[in-house]
Amino acid sequence: MKAACIITLLLPVVLSYKANLNPLSNEFINYINSKQNTWVAGKNFDEKLSIQEIKNLLGAKKRSLGDVKGFMHSEDIQVPDSFDARENWKDCSDVISTIVDQSACGSCWAMSAASAMSDRRCIVTQGKLKVPVSAENLLSCCDDCGFGCAGGYIDDAWSFWQENGITTGGLYGSNQ
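Going letter by letter, the sequence shown gives residues -16 to -1, 1 to 160 in mature numbering (1 follows the signal peptide of the UniProt record, and there is no 0).
None of these hints come from the bench; they were simulated from the model.
Keep in mind it's a predicted model, so treat the numbers as computed, not measured.
Where hints are given, some of them may not hold.
Unchecked claim - The list that follows gives simulated cross-link-like pairs (lysine-lysine, DSSO-like), each with its CA atoms no further than 30 Å apart:
id, residue 1, residue 2
1, 19, 32
2, 46, 27
3, 74, 39
4, 74, 32
5, 39, 27
6, 45, 27
7, 112, 32
8, 32, 45
9, 74, 114
10, 46, 32
11, 19, 39
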């Protein structure tokens, strides 16, 4: 999932950059780092990977806006200058800061949904429930969510959780 987040952050820069640079090259990484200073871009993939192979990792599918439920918000909300969920919910900082690896599977839709579900469960129980939700359960059992490693719909993952529940399961090798 960390790789998917990095790719998601880099994609707008990649698409807007005029030169014909490989987004995995040192030259491109240096260009990104010269344009901002809030994080540091680095090598996360083999430079020999094709753009299509990287795009295959971006598995979250978008629905048309007509399918998305609206959310009304107040216009006068004060947004803080910075926010760190690990600081705001210290009892859940170990859950919130967990980074998962989707490897060569376009499962970011399941990984991110399961991570957010795990975070929300911890937060609502004030740190009493820290057992992670299984992204593998979504990948294997939610037929309506999408196409497994070939992508899926995050909103269907949430609906699946509401209607069926999801098993728990920790990181690979954790026996959770």
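### Indices of hints not satisfied (ascending)
3, 4, 7
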